[in-house]
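Engineer: Here the protein sequences come in this chain order: A and B.
Okay, so the first sequence: first residue is 3 according to our numbering, each after it adds one.
Okay, so the second sequence: first residue is 3 according to our numbering, each after it adds one.
Quick caveat, the hints were computed from the structure, so don't treat them as lab data.
Hints are not guaranteed to be accurate.
For identical chains, the list gives no copy identity; a pair is met inside one copy or between any two copies.
Below, a list of computed lysine-lysine pairs in the DSSO-like style, where the Cα atoms sit at most 30 Å apart [to be verified]: (1) LYS364 / LYS331; (2) LYS146 / LYS114; (3) LYS112 / LYS146; (4) LYS276 / LYS22.
Number of protein chains: 2
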Amino acid sequence: MGVVVQKYGGSSVADAEGIKRVAQRIADTKRRGNDVVVVVSAMGDTTDELIDLAEQVSPLPAGRELDMLLTAGERISMALLAMAIGNLGLDARSFTGSQAGVITDGAHGKAKIIDVTPGRIEQALAAGAIAIVAGFQGVSQDTKDITTLGRGGSDTTAVALAAALHADVCEIYSDVDGVFTADPRIVATARKRDHISYEEMLEMAACGAKILHLRCVEYARRYDMPIHVRSSFSQKNGTWISDEKDESMEQAIIAGVAHDRSEAKITVVGVPDKVGEAARIFEALAASQVNLDMIVQNVSAAATSLTDISFTLPRADGQAAVAALTAIKPEVGYASLMYDDQIGKISLIGAGMRSHPGITAKFFSAIASAGVNIEMISTSEIRISVIVNEAQVDDAVMAAHSAFDLDADEVEAVVYGGTGR
Amino acid sequence: MGVVVQKYGGSSVADAEGIKRVAQRIADTKRRGNDVVVVVSAMGDTTDELIDLAEQVSPLPAGRELDMLLTAGERISMALLAMAIGNLGLDARSFTGSQAGVITDGAHGKAKIIDVTPGRIEQALAAGAIAIVAGFQGVSQDTKDITTLGRGGSDTTAVALAAALHADVCEIYSDVDGVFTADPRIVATARKRDHISYEEMLEMAACGAKILHLRCVEYARRYDMPIHVRSSFSQKNGTWISDEKDESMEQAIIAGVAHDRSEAKITVVGVPDKVGEAARIFEALAASQVNLDMIVQNVSAAATSLTDISFTLPRADGQAAVAALTAIKPEVGYASLMYDDQIGKISLIGAGMRSHPGITAKFFSAIASAGVNIEMISTSEIRISVIVNEAQVDDAVMAAHSAFDLDADEVEAVVYGGTGR
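Let the sequences and hints guide you as you build the complete structure.
Structural biologist: So, in structure tokens, the structure goes:
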């Protein structure tokens with residue numbers, strides 16, 4: 003008996019049938035003697051439909067109003083979910099982010115949680131009720147305006163509430179069974195992990211695994227809140243994310259292979275190899291709010307004293323980056339810019355690689371033997387990432403997955419749900 | 003220069019085009035130097051769609067959750083409207099009922115406004131912004147739960163805010179040009195009234211004129227807030243509702259002819275003509291929450307000491323009333339019940355009739371000459387209502403309208419909008 007926080011994504015509550023199915027699962031959890039808090043996203047495509055409406059009335063809507071608009075989506079799903087649970091004979095009460103005490107800063111569209119004061123949620127639990135909370139939203143501390151948390155917001159709401167309520171676990175439900183050693187749509191023999199550390203999950207998320215957003219994992223690690231990632235379409239155990247060391251479990255060297263097709267690469271060609279030139283380039287990019295990922299500077303060719311600087315960035319930031327670099331061209335005096343959005347990033351992640359030499363060589367060799375050329379390399383203590391041609395991402399992922407004996411004996415992965423994801 | 007409160011109904015903001023058209027009108031009002039507060043309903047059929055979703059997940063949803071659900075409708079329309087105004091270069095900020103300080107009792111689905119504390123609205127106006135407020139919703143004083151105001155709720159929100167802000171006028175926009183001497187769909191020559199008193203408008207609303215809800219007119223009369231009913235599809239002057247006596251305006255004897263097809267009639271036949279029998283009947287109906295309108299008790303036939311009691315009620319209450327009366331049949335000992343939902347009510351309304359004798363006779367004579375039989379009669383100081391066969395409502399309305407010289411020289415009425423209303 004304890005507090006369980008469950009989060010259901012939009013594909014789990016896409017229609018009335020989905021809402022009723024989720025309601026039954028919540029009721030079962032409550033009847034097993036738990037205090038239950040549920041965080042819910044907007045139904046299916048609601049958010050996209052609302053954004054579409056906004057674009058029809060204004061090309062550049064005010065952030066405050068866009069947040070007011072989008073938060074209607076969770077308001078609908080949470081009220082319907084509370085009704086469906088009520089229909090099963092249990093008391094369920096829905097709460098907006100504001101009512102649930104999710105206090106944020108004032109950055110509309112990407113607000114950060116700065117405090118969680120769930121007094122009304124605690125009252126509801128004390129009264130024996132199930133609390134349903136709108137994910138993705140909060141209220142700004144200064145102006146009391148409604149805010150949204152941006153990408154990964156509902157997962158983060160769930161973890162933040164779980165931490166504030168000292169929950170036993172935060173269960174994140176979606177239409178996949180858990181965290182796999184690679185994307186099951188690419189590697190049919192990918193294995194589900196029973197357990198993964200926060201550190202490994204952070205690297206997986208940062209490297210393109212879409213199951214959990216970086217931000218939610220960071221929050222969970224900070225508050226040491228165990229997350230259980232599982233499917234709302236089955237009763238199977240999913241993947242536990244925690245710092246717990248399960249002695250009975252064989253410590254895997256490699257947690258998995260992640261990939262990311264959302265980045266682009268820019269190369270600044272012929273930069274004078276002088277102190278401060280690189281700094282001016284990255285200052286200009288930072289001033290344009292461009293988020294950089296991997297950065298590589300080639301060794302200067304002694305004859306010319308010129309160097310090339312390459313970096314990767316989200317494709318969405320490509321235009322802003324090129325504009326910022328073009329503006330400083332006269333000042334920096336580089337030769338030219340090369341922009342390539344046909345790239346993919348493959349990452350090998352595992353806390354075990356710290357103590358195992360030769361992992362890097364084995365990884366590169368596997369990729370080479372698949373006939374894939376490596377364009378850029380970046381490493382951390384528990385991760386190796388390479389940039390390859392986008393068309394060869396699948397080949398590289400499969401080669402790496404096999405090389406490290408991650409393949410299961412039979413196909414385990416099932417993707418559920420009717421949304422085509 | 004002053005405070006203007008404008009209310010736009012669902013048909014005025016049914017789609018992106020409607021929202022942009024309304025935004026332009028609001029911007030024009032602001033640019034003429036007014037402080038502008040706008041109350042808006044949910045877009046088109048949104049509320050019906052949400053109710054449909056609720057029915058899919060629960061046959062009897064909790065009132066608290068139904069209110070949480072339905073308030074998403076105005077949240078969407080108000081945010082979109084604020085964005086559309088922003089796109090015209092003006093500062094517009096949307097506020098929920100709760101944020102606007104609409105404090106209600108806790109009766110979900112039919113909450114009553116008990117206080118309006120529009121501090122945030124005043125701040126927005128002081129900052130030069132246009133305030134957009136969600137109609138139809140508030141927050142309960144005791145539990146801080148979201149409530150809805152029920153039928154006529156958005157009009158009532160507008161009048162209540164106008165009163166609290168000491169506005170110059172509360173403009174209610176819809177898809178008709180104003181208040182007419184009869185329904186223009188029945189009487190093509192119906193005339194638009196330039197002015198009508200609260201008292202007359204109250205009787206019109208109570209007698210089935212759908213342009214304004216009774217409750218909103220009652221609120222306006224209590225706070226002496228002038229209402230200007232007009233079309234959001236034209237720039238024409240509409241109808242002013244106030245207590246102002248315009249000396250230049252000829253005081254009409256008759257304000258108009260209203261009709262209502264939403265009622266049914268029940269006759270309790272053979273009630274023992276003893277003290278307290280009628281009381282027991284009406285107590286039973288009151289206990290079943292049945293709202294009665296007209297009540298007629300026939301003179302007792304001396305030979306039998308039995309009497310008949312007839313009353314009208316909303317058709318929606320018919321089943322509950324029959325059940326309540328059947329339950330007390332053994333106790334009261336009446337003979338039988340007659341239920342008739344094929345009736346219509348025609349009402350002649352006008353403050354001028356107080357001082358003009360002969361109005362009643364002229365009204366009855368006009369209806370008789372149209373070949374329409376009168377089944378029940380009820381009168382007040384400024385109104386005469388009769389019940390007729392539903393199929394003859396149009397004939398009776400036209401006859402009364404002509405008899406009192408209400409016809410315009412040419413057709414004035416235009417019904418705008420794309421919703422088929």
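Engineer: Next, verify each hint and record whether it holds.
Structural biologist: Against the structure, the hints:
1. Taking CA atoms no more than 30 Å apart as the test, LYS364 paired with LYS331 passes in neither setting, with 41 Å inside one copy and 92 Å between copies.
2. For a Cα distance limit of 30 Å, the shortest separation of LYS146 from LYS114 qualifies both inside one copy, at 14 Å, and across copies, at 25 Å.
3. For the homomeric pair LYS112 and LYS146, the shortest alpha-carbon distances inside one copy (16 Å) and between copies (27 Å) are both at most 30 Å.
4. For the homomeric pair LYS276 and LYS22, neither the shortest alpha-carbon distance inside one copy (65 Å) nor that between copies (55 Å) is at most 30 Å.
The structure does not agree with the numbered hints 1 and 4 stated previously, though it agrees with the rest.
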